[in-house]
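Protein chains in written order, with my numbering: chain F, 1 to 284; chain Y, 1 to 284; chain V, 1 to 284; chain Z, 1 to 284.
Read the hints as simulated data drawn from the structure, not as lab findings. Small disclaimer: the values here were computed from a predicted structure and weren't measured. Every residue, glycine too, gets a C-beta built ideally from N, C-alpha and C. Don't take each hint at face value.
Said to hold, decoys possible - Covered stretches of chain V (in silico footprint by chain Z; criterion: 3 or more residues with CB under 8 Å from a CB of chain Z, positions within the stretch not fixed):
| # | region |
| --- | --- |
| 1 | 17–27 |
| 2 | 33–39 |
Unchecked claim - Below, a list of computed lysine to aspartate or glutamate pairs in the DMTMM-like style, where the Cα atoms sit at most 25 Å apart:
| # | chain 1 | residue 1 | chain 2 | residue 2 |
| --- | --- | --- | --- | --- |
| 3 | V | Lys-45 | Z | Glu-210 |
| 4 | V | Lys-278 | F | Glu-210 |
| 5 | Z | Lys-109 | F | Asp-129 |
| 6 | Y | Lys-252 | Y | Glu-112 |
| 7 | F | Lys-89 | F | Glu-165 |
| 8 | Z | Lys-109 | F | Asp-248 |
| 9 | V | Lys-279 | V | Asp-126 |
| 10 | F | Lys-278 | V | Asp-126 |
| 11 | Z | Lys-252 | F | Glu-210 |
| 12 | F | Lys-109 | Z | Asp-248 |
| 13 | Y | Lys-109 | V | Glu-210 |
| 14 | V | Lys-109 | V | Asp-126 |
| 15 | F | Lys-45 | V | Glu-210 |
| 16 | Y | Lys-278 | Z | Asp-129 |
| 17 | F | Lys-109 | Z | Asp-129 |
| 18 | Y | Lys-45 | F | Asp-284 |
| 19 | Y | Lys-182 | Y | Glu-210 |
Listed here are the chains, written in short residue letters.
4 protein chains.
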Amino acid sequence: MASSSTLIALLHGPDRRGLVARVAGWIFERGGNILHADQHRDMEKEIFFQRVEWVPSQDDAAAEARAFKAFAVTLGMAVCVASSANRPKGALFVSRADHCFHDLILRWKAGEFAGDFACVISNHPDLADAARGYGLAFHHVPVTARTKAAAEARQLRILRAAGVEFVILARYMQVLSAGFLKKFGRPVINIHHSFLPAFTGGRPYQQAHERGVKLIGATAHYATVVLDDGPIIQQDVVRVTHRHSVDDLIRKGRDLEKLVLAQAVRWHLENRVLVYGKKTVVFD
Amino acid sequence: MASSSTLIALLHGPDRRGLVARVAGWIFERGGNILHADQHRDMEKEIFFQRVEWVPSQDDAAAEARAFKAFAVTLGMAVCVASSANRPKGALFVSRADHCFHDLILRWKAGEFAGDFACVISNHPDLADAARGYGLAFHHVPVTARTKAAAEARQLRILRAAGVEFVILARYMQVLSAGFLKKFGRPVINIHHSFLPAFTGGRPYQQAHERGVKLIGATAHYATVVLDDGPIIQQDVVRVTHRHSVDDLIRKGRDLEKLVLAQAVRWHLENRVLVYGKKTVVFD
Amino acid sequence: MASSSTLIALLHGPDRRGLVARVAGWIFERGGNILHADQHRDMEKEIFFQRVEWVPSQDDAAAEARAFKAFAVTLGMAVCVASSANRPKGALFVSRADHCFHDLILRWKAGEFAGDFACVISNHPDLADAARGYGLAFHHVPVTARTKAAAEARQLRILRAAGVEFVILARYMQVLSAGFLKKFGRPVINIHHSFLPAFTGGRPYQQAHERGVKLIGATAHYATVVLDDGPIIQQDVVRVTHRHSVDDLIRKGRDLEKLVLAQAVRWHLENRVLVYGKKTVVFD
Amino acid sequence: MASSSTLIALLHGPDRRGLVARVAGWIFERGGNILHADQHRDMEKEIFFQRVEWVPSQDDAAAEARAFKAFAVTLGMAVCVASSANRPKGALFVSRADHCFHDLILRWKAGEFAGDFACVISNHPDLADAARGYGLAFHHVPVTARTKAAAEARQLRILRAAGVEFVILARYMQVLSAGFLKKFGRPVINIHHSFLPAFTGGRPYQQAHERGVKLIGATAHYATVVLDDGPIIQQDVVRVTHRHSVDDLIRKGRDLEKLVLAQAVRWHLENRVLVYGKKTVVFD
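Whenever a hint applies, use it, and build me the whole structure from the sequences.
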């Protein structure tokens, strides 16, 4: 099966009897082979969620994907279908911190992601040489309060020219405007250096140190127009004590940020994350 | 649905195309409603595993269970089917340590388990009053090397008389013979106080302290004729340092043992654990 | 040494050169034997913290404790000194939930705490029999908005009559007034069922479920006049997924609450927790 | 204090009354300022362990270090004293796997280590360009069963020529001979990809998969003449399920190996690790 590409559908909609059987039956009747099928029911809201991955029998995967979408609509389901043969192209937004930058690129080169990085955009020139050393185009787009609108317009032109389908904010120290998010219209994954919803906004490690918490965290989430409020994909924490200074928290937090962001990116690219409302269902 | 009992099937056998569809279709066609369906494929050995839980349409759940078993055989699957309406009866085997004993009984009384405890059997009389205080029959069955065969025969009589369907070794400090396991013929869950396969046999905390490990563990597994070698259901660890004496490890280990054993018992009673070879598939 | 009682001093004050040597020298010159000495410096605020535990040479430990206090004042240190021979008496405040109640009492009976429980106070009668079964006095003190002042006055009378030196709010579902805390004037340890400062106030598991977090937490802290804002002693988290309902979070949270509260109580009773500002130094 | 270098002593020997006071007194009387002093007593074996870090009053830190060593001998203590002004030089031994290699070098460049890397030695040429891109000398020293003695002799010449004071086996897939370890005579830190003592030897992830464990681990330890048996510095684990193939374990294990090895190297270079027998005391 390693040589066969698969189709992956993410479905959700009002729960009703027989959905599992009807989806599996549709694929089976057309000669497909289901590799994974994972369901979830929100019992309270009576919503059905499913991720199903299969090897289609026919060569024309695009036609099968279109046919499945039409079928899912008849079940009252919202659906998206991806092919494992398509590797989405992404852009990394960075500032000066380089830990998530190196980590994501090294994982990509090690084959951990079902997608590719097309370019790096930064409001600082610091990582230009490193990006180019990895063979990635680097775009320095300075941002000030006065120039933000123009800078975002330039960022959007770069993303479109490169055919970028997702953005990762790898410790990018700027807030993207609602207008940017709307015009881009594709997933933007951010890493926030706290256990959200605790310590939103700036300097979360300083806030954590002042509050005297015994664990610090990191949260990967989809960026939305409300800062640090988007659907959470992954979180983790690490233990700290009174012995740890803010600088220690920052150092320990770097490892957390790398792991949490990389896990979120991997799941996203494997089409394991389904967003509904301000929450996610992660079929891991 | 809270008022309806469900059927839960655990299947496994040679993988082939269409198994998900055929199982789901069989249930759907008979008017059943699938609540959960979770699959796994061992890609290397080409084995298909499934846990499926559904609300049968008809009142006669026992007949539906029988019919499903016959159907599963036609798919080449080994299968067992349980009804959530049946609460299996279990026995606790204990010695002197009481932490898992209290923990399991309090969780049972709090409604955490899909089964019941029928009696307590111990080679020491220490916990007799506590067991009876919880309303449980207590049987003191002393065991020595010389009397072991007779003691096990007595234990088997007690289990049969009480209709016991599973045994939990809640820090029972005796090894059950191969003969006992065979004659009982039902699941026996043991908690071993190490991260198996490290530190098998006696005094694992002493062994861990001597080796200078930085984490200690606990392992819940089905007992088999080879000591500490049965299929692992759940494991967990906790961090220790050079500051911890063997007594500290024992104290910290008690919390681990309670959590790990309780989780294994909960999964077992919810029919989430499928044994194959010396491994488990846990549909959590 | 097991037979000797020890003195334990917790010191803090402005940092200056030679504090470690002067404290150790004072004890050594009087024939004492230091078992543990643990220091911490807040580099930013230039505060020195120390926990030192020693076996005094003389029989009159009370006199040695007084002398040490006088000495510490000459170093500019705030200090408290406890003797391991004194086992403080505590009260458990509970409502209907019984998991922390059973857990704390069973740990106490297993010898895990360097203190004792004197009585149980509850706004509900549910746990009366269980408390008395453990040999503990049980006081039913109903609380309504209208009767709160009188109820708190009665609680204070009970605490004073029993010589209670610390209170544990073991899932007590009432807020203690500022007046109560001031009049009691002793440590009150609370368990909050979230990873503070996230999800303060009521129904934290419901809040966590709505936000879609991937970890839930529990926090043990000293109660202060600001709700859920006191110095944090211990925190921990456990992983959850979209599959977990609010009821699942409540069940999983019970284990967290037990472990986190018990750890905080153990550290408190071993005089390992030093409060300054709204933070703690925990000498574990 | 950031501008001042410190002295760090690691002491151990037979426990006796007054050691804390005498060490602190010695430093205080000579005008030194203790920043950290951490003690441990092995109660069973009556051994005293201490790490003490101080700013010496005089400019001649080397003379103070010599004087402290002479003093410690009068206390019956084994001792080593390091100056924070000396940054030890290390060598990385690698084969083909590059995750620990990149991780350690990026952490070094980020300033996480109190030491430096001088060169990379490998039995394969694969990482030559990457090493040189980081500005590190790369030595390709092929090893076969027949050429092993000559290869180790060449490795030792390289280490001596570069003044190397410690070696890190960053997934180096060769066993160093007892002769090499003896002739080098300096610390060699290895990362083993299992939770030792489980799964020693080759292919530990394959072994873990076959045993069906629910957690996989990694262990950093000092290399000794007995394979995978040296004093453990750090260990950690991560949860796995039946869904994870051996390749998944390898991928998840990479993150563990990076974190565990980096932590061990950081502690080692900060003189926080004291070896005695086959165990370590880690003053973290």
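For each hint, the structure was consulted:
1. 17–27: holds (count 8)
2. 33–39: As far as the region 33–39 of chain V goes, the hint holds, because 7 residues have Cβ atoms under 8 Å from chain Z.
3. Lys-45(V) x Glu-210(Z): Since the Cα atoms of Lys-45(V) and Glu-210(Z) sit roughly 54 Å apart, the hinted pair is violated (cutoff 25 Å).
4. Lys-278(V) x Glu-210(F): Cα-Cα ~8 Å, so holds.
5. Lys-109(Z) x Asp-129(F): 15 Å, holds
6. Lys-252(Y) x Glu-112(Y): 23 Å, holds
7. Lys-89(F) x Glu-165(F): OK: Lys-89(F) and Glu-165(F) at ~5 Å, within 25 Å.
8. Lys-109(Z) x Asp-248(F): Satisfied, since the Cα-Cα distance of roughly 17 Å is no more than 25 Å.
9. Lys-279(V) x Asp-126(V): 35 Å, violated
10. Lys-278(F) x Asp-126(V): Given pair Lys-278(F), Asp-126(V) is violated - Cα atoms ~39 Å apart, limit 25 Å.
11. Lys-252(Z) x Glu-210(F): 34 Å, violated
12. Lys-109(F) x Asp-248(Z): Within the cut-off at roughly 17 Å; holds.
13. Lys-109(Y) x Glu-210(V): 29 Å, violated
14. Lys-109(V) x Asp-126(V): Within the cut-off at roughly 21 Å; holds.
15. Lys-45(F) x Glu-210(V): OK: Lys-45(F) and Glu-210(V) at ~12 Å, within 25 Å.
16. Lys-278(Y) x Asp-129(Z): 45 Å, violated
17. Lys-109(F) x Asp-129(Z): 15 Å, holds
18. Lys-45(Y) x Asp-284(F): Holds: Lys-45(Y) and Asp-284(F) sit about 22 Å apart, inside 25 Å.
19. Lys-182(Y) x Glu-210(Y): The given pair, whose Cα atoms are some 36 Å apart, is violated under the 25 Å limit.
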